[in-house]
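First to last, the protein sequences are chains A and B.
So for the first sequence, the numbering used here puts the first residue at 361; every next one is plus one.
So for the second sequence, the numbering used here puts the first residue at 361; every next one is plus one.
Since the hints were made in silico from the structure, they are not lab data.
Possibly wrong hints are sitting among the right ones.
[Stated by the list, open to error] Below, a sample of chain B positions facing chain A; criterion: calculated Cβ distance under 10 Å: (1) 398; (2) 406; (3) 412; (4) 474; (5) 486; (6) 502.
Computed from a prediction, not measured in an experiment: that's the story for all the values here.
Backbone N, C-alpha and C define an ideal beta-carbon position, used for all residues, glycine too.
Number of protein chains: 2
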Amino acid sequence: MDFFEVVHSQRSIRQYKPDPVPDEMIWQIIEAATRAPSGSNLQPWIWWVIKDERMRQIISKAVSARMASTEAREQRLRDVEAMADTSRRTMMVKATKFIEDIAVAPVFIIPCLVGVTSPVSDPRSLLAGSSIYGAVQNLMLAARALGLGTVLTTFNSFMESTLHEELQLPPDVVPTSIIPVGYPDGQKFGPTTRKPVETVTYWDEWGSVLPR
Amino acid sequence: MDFFEVVHSQRSIRQYKPDPVPDEMIWQIIEAATRAPSGSNLQPWIWWVIKDERMRQIISKAVSARMASTEAREQRLRDVEAMADTSRRTMMVKATKFIEDIAVAPVFIIPCLVGVTSPVSDPRSLLAGSSIYGAVQNLMLAARALGLGTVLTTFNSFMESTLHEELQLPPDVVPTSIIPVGYPDGQKFGPTTRKPVETVTYWDEWGSVLPR
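If we strip away everything but chain A, and leave its shape as in the complex, we get (with noise of 0.2 Å):
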């Protein structure tokens, strides 16, 4: 596939067939991803795949638990009034009912950060990241060429604590975002809804958007 095709047509994936992802394929996505450039090239990433029906489910109720908590009910009621288009609200409806369905994709993905130290550098700041969702997107992109649907979440976020102790993740290892993996059911790729690239490009100056 052409490589701006499959720049303009990746989207996030929602719902998903049950059907397995060859192992092969999996490699593939992965394979992409290490060549993504990350900071020393020192690569300080596990791509953590996985397909467990148990292992799956367990993650499925950690996130439906949270979901169904008063507490991010209330959050997502106020993220849904913060939002002024109808399109975001139509987004926000459908990543609910995604959440109900997680399970159905066939394959987990969990990049996970290994081997970066505080202080010198911090696991958990923004410059780490640097490191490592460059990765995720090629991982990402190269689904997409593959007809295969993914979703960058960060249900991770709130489940550290079931990766860790449920799931056996070493202590001193960091997801850094859960990517379920399958063939798209129904749902079809791009093009998406972004604003305008003339009204988030400044030149030279802060606030000037057009080129001298």
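Let chain A serve as the given structure and place chain B on it in line with the hints.
Here is chain B on its own, set in the frame of chain A:
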């Protein structure tokens, strides 16, 4: 260009020709950047493009000053000593040379986080990185597809005061990297050196290197 060819031949370019880059190409790579996902599709970014010679010189001098400082020299020595393999030492030497020449690149792009507010979402946190570094990777891949070189630097980490005070970056805006953009001078794209994918992938149980 084929998607996988772009991904597998992207590499950090550290020697640039001073030739100008057409504005249309800059628009095109930023457009590609904005196709990446961000949390709740909020697209919390401004792509700050710096072509102005005086502004690039200010950044360049801040980099040089930092690199010449005793502290930074000692850190580099420690870094190089910690490097087991020759290829990484060579990379460090090249990186030092590159730093001296950084202003040769005709364009710098500084991807900035805007509107990400503490404490709900801390713009200095790892998770904030998930809403910008994927887009940064799209930008660098798109550049490579067009024959333009880039390198992801985190020079911003030590020159925030310069950006805010001398280049009038507003105080609530967080720069996430500084990316030179230009035509490669001599250096060729890909292939790159990476750990074998089998050594950075676990399946189901942490530490399990083969799928079941």
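Structure-based check of each hint:
1. Nearest Cβ of chain A to the Cβ of residue 398 of chain B: about 9 Å, under the 10 Å cut. The hint holds.
2. Because the beta carbon of residue 406 of chain B sits about 6 Å from the nearest beta carbon in chain A, less than 10 Å, this interface hint is met.
3. With a least beta-carbon distance of about 4 Å to chain A, the hint placing residue 412 of chain B at the interface is held under the 10 Å criterion.
4. For residue 474 of chain B, the interface hint holds, since its Cβ comes within 10 Å of a Cβ in chain A; the closest pair sits about 9 Å apart.
5. Against a cut-off of 10 Å between C-beta atoms, the interface hint on residue 486 of chain B holds, since the closest Cβ of chain A lies about 5 Å away.
6. With a cut of 10 Å, the hint placing residue 502 of chain B at the interface with chain A holds, because the nearest CB-to-CB distance is about 7 Å.
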